[in-house]
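Asker: The task is to assemble the complex, starting from two chains supplied on their own in separate frames and drawing on the hints.
Chains A and B, in that order, give the protein sequences. In terms of the numbering used here, the first sequence has 130 at position 130, counting the first letter as 1, and numbering is strictly consecutive. In terms of the numbering used here, the second sequence has 244 at position 244, counting the first letter as 1, and numbering is strictly consecutive.
Be aware that one or more of the hints could be misleading.
In silico EDC-like cross-links for lysine to aspartate or glutamate, where the CA-CA straight-line distance does not exceed 20 angstroms [to be verified]:
| no. | chain 1 | residue 1 | chain 2 | residue 2 |
| --- | --- | --- | --- | --- |
| 1 | A | 59 | B | 175 |
| 2 | A | 62 | B | 265 |
| 3 | A | 73 | A | 136 |
| 4 | B | 288 | A | 111 |
| 5 | A | 95 | A | 74 |
| 6 | A | 59 | A | 77 |
| 7 | A | 33 | B | 175 |
These stretches of chain A come out as covered by chain B in the derived footprint (C-beta under 8 angstroms, 3 or more residues) [to be verified]:
| no. | region |
| --- | --- |
| 8 | 24 to 38 |
| 9 | 87 to 98 |
| 10 | 104 to 118 |
Here are some chain A residues pointing at chain B (derived, C-beta under 8 angstroms) [claimed, not checked]:
| no. | residue |
| --- | --- |
| 11 | 60 |
| 12 | 65 |
| 13 | 122 |
In case anyone wonders, no lab produced these hints; they're calculated from the structure. No residue lacks a Cβ here, since even glycine has one placed at the ideal position from N, Cα and C.
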Amino acid sequence: MGISRKKFIDYILGGSLLGWLGSTLYPVLAYLKPPKVPEVNVNSVNAGMLTDFSINSSKILKFGRIPVILIRKDSGELRAFEATCTHLDCIVQYKRDEKQIYCACHNGRYDLHGLNISGPPPRPLVQFDVNVIRDEIVVSKPKPV
Amino acid sequence: MNSKLFNWIDERFNISPLIDFMKHKEVPVHKHSIWYYMGGVTLFLFIVQVLTGILLLLYYQPGVDSAYESVRFLMTKVNFGWLFRQIHGWAANMMIFFIFLHMFSVFFTRAYQKPRELTWITGMFLMFVAMGAGFSGYLLPWNELAFFATKVGTDITGAVPVVGNMMKVLLRGGEDVTGATLSRFYAFHVALIPAIMTLLLGLHLTFVQRQGMHEPDHFKKALKKKVIPFFPNFILRDALLWLIVINILLYLAVFFPWELGLKADAFAPAPDGIKPEWYFMFMFQTLKYIPAHVWFIEGEVLGVLGFGLIALIWVLVPFWEIKIKPGTKFRPMNVIGAIGVIYIIVLTVVGYMV
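Extracted from the complex, chain B is given alone in its bound form (with noise of 0.2 angstroms):
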């Protein structure tokens, strides 16, 4: 019955050849291994979010007066409302985490060299998309927190010479951040987000399977490669890897809930110890440290072009990255990657200890 119903098909849509190609694709085993599964874990938790995004969706209502009373609703009220929002919250955090693992061991690796210049372009972008969305979604509550954090991110774009204002303008929908803002970032955060993650990840993942998994140099010169079928074996450690995070995840949500704190107020002061969410403090913590003026620019529009230009330098590493004489021993780029990942760490752990 079953090879009836698959020669219905193939003779149709002709599928054997990908079969054949799932078949034949191989993965490499070696000491970093471990970092192949990065990716599959982000992907994991970005279904995690589009599906108790839906869930969540039900019951949202955006508008100043009924954003934050819908989600206390949604908490208090519907049956296992709670958990869901708490799922959604956590699985936000940690995917924007598992993608800075990812990234940080692409990098190490050097995976993002010569074929897949692409893909590590595609995975940048998928990481500023999701920090969007981060971003627009920790408005939808409309609490205080999220206001003041809102108001910051978006008044920190009006510090981009020219088109500085005209942007602030466009993101917040008018000149103060009000429920013209919660609307847009509505739009931004259930449908423009998802739309624009959905095609790169095509994108991405295409990349990765027609170009096949990265050997890092030293695997690359074994005589004897030891490899295993990406299916099935890769693909059941990664499945057992997705349990182990959705049980973590679940703990996380039920033992360390998000708060909904108290609703958003224009006119009320912004409350002590206000702080950004995790990935975003150490460019909040450098904000904090840039004088108001150096030489003849603004702090603020210094820090904005600093981060900016590191970004596209980051981005565009495929493409000047320090080569190195077989042999030696100094790795400029890896003392590039660390100082990188040790500001990071830094900024991120005092900007929680001040």
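Same shape as in the complex, but just chain A (with noise of 0.2 angstroms):
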């Protein structure tokens, strides 16, 4: 009937080796998530004067701890996107002679839409509006769809 005295004492003490165990390891774990830092809300960054951005040219923008590249087209026009490389997270640049986003870390290519179009990226770039205010140019987070 039951179970044996012994088979019940090695229960205890497994059970309170497992309990030691997982109030040991708990604490480690834990202390290896970094804690949740608290970020500045940013809705829009100044880019400067457009008069000093030339033609067929980018930059790379500080958006809160994102990096944003504006771009300035042959045309005159302005674009933005975010640019954290949709791979694996390298920063892309602008490459004048192709009219292409492009990644040095794995080939990735994007074209002036922020459209992935040749390499491993599996997403296009996300947008950013660009407004021009009396010279100024501002760039602000994509409004939600």
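Answerer: Below you can see the structure in the form of structure tokens.
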């Protein structure tokens, strides 16, 4: 009937060992997980004067902790995209001669709509809004659709 | 005097059996004997890493505002600082190179077979940990190349299903590669990894000593077996090879120094021609060829799962190896090994040419 005295002791000791392991490992694992750091919520950044920004060139802006690439096309039109490659997190660059956005890490390419056109990137780049207000370029977060 | 000291120790710790063991241990001599030395060279390079690593620690200062600057100071102002950093960098590369040689020689001579399964497995884990040491150490100078290599390398872990993102955050110490990542990699590189390596190395060497050297099939069958004593003959040959290796190491360190490059900038594009260390090159190059989507799986997920699966199969070789009947010419395991070697060499070369 029931379990033997020896088995009972085994369960009690085994259970305590598990409990002890859990109570020791939990704080260590929790410690390894970095705490959330409060972020400044940036909605728009000033990207300088339009007159200082030459045609067929680009620059990278700090949008909070996100890098954003601002491109001035041959036509003078401005476009901005999140500069983080959707493949493996590298920062992209604008190729002036090819009129493409390029990631040097794994040869990923995007067109000037941010669309992934060749190489390994799985998704397009997120586009940001660009407005020129009294000759000043303002880049802002895309409005949720 | 010497025998008195010996007796004093022996009386307390009974070391005579150990000395006897050393005296009787023998190493086979045959056409593949050269491969017996590869593990020893790797061990020697590990010792070089520990010693030069301790020297570098005396000047290195982790942190985004000090890491790059302290390495630059070490390279330009500290007496022989450049030398010890170059030796550390080159010895790391040579260590991985000799691990590869050691591993493939063990594979092709079937030295992983019973009773040496656990020696193979501890060896494989030593290789993974050594690659981790290379990867974490690469970031410490906080330069541009290292920064992007770390971004890519840690982002790949994010592709692992279910636990990937958690692993990525744990490795990076946050969502992005920042000073927090540098602190973590520093801790991994100078404390955690050396401790794990020392432990694994202790196991690996104990196994090798307990079981003695592996004898290849043709040697097992030989009527007259040529052997040399482990001590002092084999040890002296080992020492000679170590001397040659340290000369090569110094030559490389002096004439082919590693560049420090530009300081990492989290808001600058990845530079053209960015490449990982050569021992990750074949995996990096494979990632370039996998399309963005294969069927319904993302390319990088497929790459990570593929390499993970291959690594697991490779670790478990002693348990699934395809055995052949005696006298058969065709050796499937040699073909598998050769495919692996050729794949690694071809993709590495292509990676450097493109």
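Asker: The structure should be examined with respect to each hint, and the outcome stated for every one.
Answerer: Verification of the hints:
no.	hint	verdict
1	A:59 <-> B:175	violated, 24 angstroms
2	A:62 <-> B:265	holds, 11 angstroms
3	A:73 <-> A:136	holds, 17 angstroms
4	B:288 <-> A:111	holds, 19 angstroms
5	A:95 <-> A:74	holds, 12 angstroms
6	A:59 <-> A:77	holds, 14 angstroms
7	A:33 <-> B:175	holds, 11 angstroms
8	24 to 38	holds (count 4)
9	87 to 98	holds (count 7)
10	104 to 118	holds (count 5)
11	60	holds, 5 angstroms
12	65	holds, 6 angstroms
13	122	holds, 4 angstroms
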